[in-house]
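Following the hints, complete the assembly by docking chain B onto the known chain A.
The listed protein sequences derive, respectively, from chains A and B. Counted the way the numbering used here counts, the first sequence spans residues 1 to 203. Counted the way the numbering used here counts, the second sequence spans residues 1 to 319.
In short, the hints are calculated from the structure, not lab data. For clarity, every value in this text was computed on a predicted model and none was experimentally measured. Some clues are possibly wrong.
[Said to hold, decoys possible] In the DMTMM-like style, the derived pairs of lysine to aspartate or glutamate whose C-alpha atoms are separated by at most 20 Å in a straight line are:
id, chain 1, residue 1, chain 2, residue 2
1, A, Lys121, B, Glu169
2, A, Lys190, B, Asp246
3, B, Lys183, A, Glu141
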Amino acid sequence: MINVALPKGRLGNRVFDILSNAGYDVKEMHSDTRQLIFTSEENGISYFLVKPSDVSIYVEHGAADVGIVGKDILLEYSPDVYELLDLGIGKCKMCVASLASFKDNPDVPLRVATKFVNITKNYYESINREIEIIKLNGSIELAPILNLSDVIVDIVETGTTLKENNLKVFTEILPISARFIANKSSYNFKTDEINKMADCLRR
Amino acid sequence: MEKYNFLSNEEITVLNLRSIYEKNGYHKFTPNQFESYDFYAKNKDFLVGNRILTFTDLNGKLMALKPDITLSIIKNAGKNSSALSGNERLYYTENVYRESKDINEFKEIFQVGIENIGKIDIDETFDTVKLALQSLFEIDKNSKLEISHNAYVDSLLNFISEDSNVKEEILNLISHKNIHDFKKLIIEKNLPEKYCDILISLLSPGKTNEEILSFIKENALNNEMTDSADELSKLYSKAKENGLRDYIVIDFSLVKDPSYYNGIIFDGYINNVPRNVLSGGRYDALLKKMEKKHKQAIGFAIYFDIIERLLASEPRREA
Numbered sequence: 001m002i003n004v005a006l007p008k009g010r011l012g013n014r015v016f017d018i019l020s021n022a023g024y025d026v027k028e029m030h031s032d033t034r035q036l037i038f039t040s041e042e043n044g045i046s047y048f049l050v051k052p053s054d055v056s057i058y059v060e061h062g063a064a065d066v067g068i069v070g071k072d073i074l075l076e077y078s079p080d081v082y083e084l085l086d087l088g089i090g091k092c093k094m095c096v097a098s099l100a101s102f103k104d105n106p107d108v109p110l111r112v113a114t115k116f117v118n119i120t121k122n123y124y125e126s127i128n129r130e131i132e133i134i135k136l137n138g139s140i141e142l143a144p145i146l147n148l149s150d151v152i153v154d155i156v157e158t159g160t161t162l163k164e165n166n167l168k169v170f171t172e173i174l175p176i177s178a179r180f181i182a183n184k185s186s187y188n189f190k191t192d193e194i195n196k197m198a199d200c201l202r203r
Numbered sequence: 001m002e003k004y005n006f007l008s009n010e011e012i013t014v015l016n017l018r019s020i021y022e023k024n025g026y027h028k029f030t031p032n033q034f035e036s037y038d039f040y041a042k043n044k045d046f047l048v049g050n051r052i053l054t055f056t057d058l059n060g061k062l063m064a065l066k067p068d069i070t071l072s073i074i075k076n077a078g079k080n081s082s083a084l085s086g087n088e089r090l091y092y093t094e095n096v097y098r099e100s101k102d103i104n105e106f107k108e109i110f111q112v113g114i115e116n117i118g119k120i121d122i123d124e125t126f127d128t129v130k131l132a133l134q135s136l137f138e139i140d141k142n143s144k145l146e147i148s149h150n151a152y153v154d155s156l157l158n159f160i161s162e163d164s165n166v167k168e169e170i171l172n173l174i175s176h177k178n179i180h181d182f183k184k185l186i187i188e189k190n191l192p193e194k195y196c197d198i199l200i201s202l203l204s205p206g207k208t209n210e211e212i213l214s215f216i217k218e219n220a221l222n223n224e225m226t227d228s229a230d231e232l233s234k235l236y237s238k239a240k241e242n243g244l245r246d247y248i249v250i251d252f253s254l255v256k257d258p259s260y261y262n263g264i265i266f267d268g269y270i271n272n273v274p275r276n277v278l279s280g281g282r283y284d285a286l287l288k289k290m291e292k293k294h295k296q297a298i299g300f301a302i303y304f305d306i307i308e309r310l311l312a313s314e315p316r317r318e319a
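The following block holds chain A by itself, in its conformation from the complex:
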């Protein structure tokens, strides 16, 4: 039995499609339900649907053997897990964005609103820019509009949300995509099973 933590939403659905086609199917998952755990004894698989940013927690603590998670989450929380595969899907970019009219004044610390405190700290440290971090949990785009911050650091997929709020990408910090991760202990005891699943996802 292999336990998979899937992120709720589009990415999780896509990965489930790939896996179910490769023989890791659970019938109940095709129907519209609010269930969070889906198990097929026959196919030796169990899926948990969890909040995308929690996937690495489930895997690191061994509640799931493997999981699908964005690189942004791995960089932000540095979980002690194996990162076996770049799935090349769920692609987006971690960006610095602000109002189109914004001009950086290097004499004062830059106010940055973000969900990703560690990624932001590391980035500005690498370019030697003093910042003040304002940690938000959602609707990050509001911060520069309300003058809560000068810029934001956030994930940009299509850029539509930014445009609709009159924001512009200033710098692309790094590309993000979905990764296949495994718990280090599980990997030692279910090596072949986990590698086989990685092979299915590689195709």
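Here is chain B on its own, set in the frame of chain A:
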């Protein structure tokens, strides 16, 4: 032992481990309750985590609650009279104080461990690995010991890059078995493909222990790497002779700070326990830093904070 049937599984396990170590010629070491903060500050990178629990003693000196026992043992190495002939073999059962990443607070962690200090040859190395496995079996028979060779990887990294930042980044990728981002780094930093390919092969899944051993031998780039490959092969042969083959996983994604660990390294895992419960290896480089150049050492520690839940959930054990 009916008289002691109130003992918890954890207490019984500790007693059983002590009995194993005593039978193998190890003596109990009890460190001072506190150490001066300076002592740890000098060797900060050796410690797990960055923060040390400190207090000011009655004379105004900054003291620390021990974050680690190995350093205390090394500091006192050679001062023990039993060390005059042969190796010093010591074990400990102590609390250490470390930061917990999960709760962002200090945590008291109970550890049991052994250190073997003096002259370490392949027999001593195997004895330590065997004791590590015996200790794991004492906790749960369904366990595995991941083994790697830090000096081999360190040498290979020196061929790949001279930049310590790049090396650190590669070490981090290795520890996550992250081949895809390593391939990106090769292009980004223009790293020599010939040497990087060796590392990629080493990390790629699907190789048996035997295949890895012959691969590292064939691809050794200097004498140091050949010696490391030989050492690992000899260790594995000894393990096989002793019926321990199925419990050993040779895995080069296991890496430890090369400024402290310079030889065989290992981590122990138990099925259904999410993190490594045992960590150990050869650490001559630490002795060198602590001005004990003429000595070598190997040892391991078992983290009881990780197994206490497992032990508590089981039926009562026999002492």
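**Request:** For the pair we were handed, Lys190 of chain A and Asp246 of chain B, check the Cα-Cα distance against 20 Å.
**Result:** holds (14 Å)
**Pairwise hint evaluation, Glu169 of chain B against Lys121 of chain A, where the allowed Cα distance is 20 Å at most** = With a Cα-Cα distance of about 17 Å, the restraint between Lys121 of chain A and Glu169 of chain B holds, given a limit of 20 Å.
**Prompt:** Do the alpha carbons of Lys183 of chain B and Glu141 of chain A lie within 20 Å of each other, as the hint requires?
**Reply:** Since the Cα atoms of Lys183 of chain B and Glu141 of chain A sit roughly 34 Å apart, the hinted pair is violated (cutoff 20 Å).
Consistency note: the structure conflicts with earlier hint 3 alone.
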